[in-house]
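Participant: What follows is each chain in one-letter form.
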Amino acid sequence: MNRRGWKSLTICCVLGIIIWIFLLPWLARQEHVRKMIDRNEAAGIDPSAMFYSDLEHLTYEKGFLRRSK
Amino acid sequence: MLAIQAVWVIVLAGQIRNWPIAKISPIVCALMGGSVLSNSDSDPIDEITETSEQDQDSSKGWRSEDWLAVCLGLAILLGAFLCGWSTIEIGADHPWKPYVGKPGSWESNPLHSLANWPMLIGPLMLSMLGFGIARGLQGHSAAKFLIAFPAVFLLASLAYIMAGQVTVKHYNLEYALWALVVGLVISNTIGVADWLRPAVLTELYIKTGLVILGAEVLWHRLVALGLPGIFVAWVVTPIVLITTYWFGTRILKIPSRSLNMVISADMSVCGVSAAIATAASCRAKKEELSFAISISLFFTVIMMVAMPLIIRYIGLSNVVGGAWMGGTIDSTGAVAAAGASLDEVAEQTAATVKMIQNILIGVTAFAVALYWVMFVEREQNSAKPDAWEIWRRFPKFVLGFVAASIIFTLFSNLLEGGEQLVQTTVKQASKGVRGWFFCLAFVSIGLESKFSDLKKHLHGGKPLVLYLCGQSLNLILTLAMAYLMFGVIFADYIQEMLAK
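Protein chains in written order, with our numbering: chain A, 1 to 69; chain B, 1 to 500.
By construction, these hints were calculated from the structure, which means they are not laboratory data.
Don't take each hint at face value.
Said to hold, decoys possible - With a straight-line cut-off of 30 Å between C-alpha atoms, the simulated BS3-like cross-links for lysine-lysine are: (1) B:LYS500 / A:LYS7; (2) B:LYS455 / A:LYS7; (3) A:LYS7 / B:LYS427; (4) B:LYS253 / B:LYS384; (5) B:LYS462 / B:LYS253; (6) B:LYS427 / B:LYS253; (7) B:LYS97 / A:LYS7; (8) B:LYS450 / B:LYS462; (9) B:LYS144 / A:LYS62; (10) B:LYS253 / B:LYS455; (11) A:LYS62 / B:LYS384; (12) B:LYS384 / B:LYS144; (13) B:LYS97 / B:LYS456; (14) B:LYS253 / B:LYS97; (15) A:LYS62 / B:LYS253; (16) B:LYS384 / B:LYS455; (17) A:LYS35 / B:LYS462.
Unchecked claim - Not the full set, but computed from the structure, chain B residues with beta-carbon under 10 Å of chain A: (18) ALA163; (19) GLN165; (20) THR243; (21) ILE302; (22) GLY339; (23) ALA340; (24) THR352; (25) ILE359; (26) VAL363; (27) GLY435; (28) MET481; (29) LEU484; (30) VAL488; (31) ILE489; (32) ASP492.
Just so you know, these numbers come straight off a predicted model, no measurement behind them.
Using N, Cα and C, we set each Cβ at its ideal position, and we do this for glycine too.
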């Protein structure tokens, strides 16, 4: 058994849990970040979209990608 | 019952390669890109593709990875389209919608992302069935694949959950990055267990995902926005791509041409999706793709926040600013978010310019594949390739990608209600599957990479210099063209279109 490897993996997992469960939610509550999140969510924007078809809130219509009415 | 039947199909597929058709049809085999003499078998896991591996793979004819990716991708697309066509009325939901999707977003409790867990069933079953059959046809053990695949799928799910945290999501740190991180952490700590390796299939996942992506590349949308769109996306994008590639090769003298090309396409076309398509077309190394995507995502976060502030500061109109951001920010989602921080007009203009660039990846992937086969590999091999050699070496999955694109463009234009049907099929069925295949590919890349391999591609920081120089040129040229087209020459025309 690779003891050193398992130890490193455990450290990575603990770090990941601290960042994702505590740090990132705390960041999301900060005013400037919250403002951006709320604005995007109100418009239905997914900023992590990889391709234009991942933009659920936009539909191609009359030469433009427009917000769905 | 269905699952048991599916497993039987996969196990039986392992025998299909021995069926007479493969033995009595050498001409068919050769026409599919293979040598009729060679029947060598390889398991390429070290690089996205090396030339020698490509030779070995193409020697398998119709059982090569490329053709299997084409068949699987087109079969999934056709299945999704027919299910949509036969069972829903125009405007209704696609029947796959409840079963195909990714974990949702969450803020402080990751379990919230699994609220719609049935959405994971479709991708899991489709992947096990499709890739299981493909592995069987390639002559590998489908059973070993079926044992290993759930673990890789679990890692991909973890990557999606990490990407779904709201802060991460709204800063555009896409799942591709976290899939790489998850894979890298495992491979660099405890290592990849032997039992897991049969499901670490970077190439097959990427190529199949790209064929499915083809359905989202609808050619008639290349003329969206009319002439202004053509000038910003069609003229500036190729100029920036070619100039950046030339700069990297001739001035910076970056040793790896494929790394140079992937960074150039990633930066000038449309970020991660362009990087994936180009990397597969020019047979880039896995680490090169990881490296290009990491640089791109890092600068996307900066540009997404900074560009709206700069546009406001210099007093650009929102239409021109939107076109500028659409042509320069790499990632599509970040373009929409940055545009929306100005207003709806900027968001729509930015997203539409980016959509045209998205669609250009079809042309880019084809052109890069052809250029690589005709010129780059020719220089390396010092032999002038004839038409047959070009065909033999050409990455065939690109043909599947282009075919899917053409077929869905025709469906969209020729069928009654086709536009709506294609949009529903893509948005509610195929893009979810495509996303999973790319996520699985990035987990696989991470699992096959070592940090020491990534270091090799730093080349004294030259790739970073290449990105910065290329992006600077992109920013200047796109701003000039956006101002001319959207702010001066076609300003009234754009306003009329927006008012429709």
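Participant: Are LYS144 (chain B) and LYS62 (chain A) close enough, with their CA atoms no more than 30 Å apart?
Facilitator: It is violated: about 50 Å lies between the C-alpha atoms, which goes past 30 Å.
Participant: For LYS62 (chain A) and LYS384 (chain B), compute the direct alpha-carbon distance and say whether it is at most 30 Å.
Facilitator: Measuring from Cα to Cα gives roughly 47 Å; hence the hint is violated.
Participant: Below or equal to 30 Å on CA atoms is what counts here, so check LYS500 (chain B) against LYS7 (chain A).
Facilitator: 61 Å, violated
Participant: Below or equal to 30 Å on CA atoms is what counts here, so check LYS97 (chain B) against LYS7 (chain A).
Facilitator: 41 Å, violated
Participant: Please verify whether LYS450 (chain B) and LYS462 (chain B) have alpha carbons no more than 30 Å apart.
Facilitator: It holds: about 21 Å lies between the C-alpha atoms, which stays within 30 Å.
Participant: Is the hint on VAL363 (chain B) kept, meaning its closest Cβ partner in chain A is under 10 Å away?
Facilitator: 15 Å, violated
Participant: With the threshold set at 30 Å, check whether the alpha-carbon distance from LYS384 (chain B) to LYS455 (chain B) stays at or below it.
Facilitator: Violated, because 34 Å separates the two Cα atoms, which is more than 30 Å.
Participant: Report holds or violated for the interface hint on VAL488 (chain B), using the least CB-CB distance to chain A and a cut-off of 10 Å.
Facilitator: Since the shortest Cβ distance to chain A is 19 Å, the answer is violated.
Participant: Mind checking the alpha carbons of LYS462 (chain B) and LYS253 (chain B) for me, to see if they're no more than 30 Å apart?
Facilitator: With Cα atoms ~9 Å apart, LYS462 (chain B) and LYS253 (chain B) stay inside 30 Å; holds.
Participant: Against chain A, is ALA340 (chain B) within 10 Å by beta-carbon distance?
Facilitator: 5 Å, holds
Participant: Quickly compare the C-alpha distance for LYS97 (chain B) and LYS456 (chain B) to 30 Å and report which way the hint goes.
Facilitator: 43 Å, violated
Participant: Regarding the pair LYS427 (chain B) and LYS253 (chain B), is the alpha-carbon distance no greater than 30 Å?
Facilitator: 42 Å, violated
Hint violations for this structure: numbers 1, 3, 6, 7, 9, 11, 12, 13, 14, 15, 16, 17, 20, 21, 26, 28, 29, 30, 31 and 32, all remaining hints satisfied.
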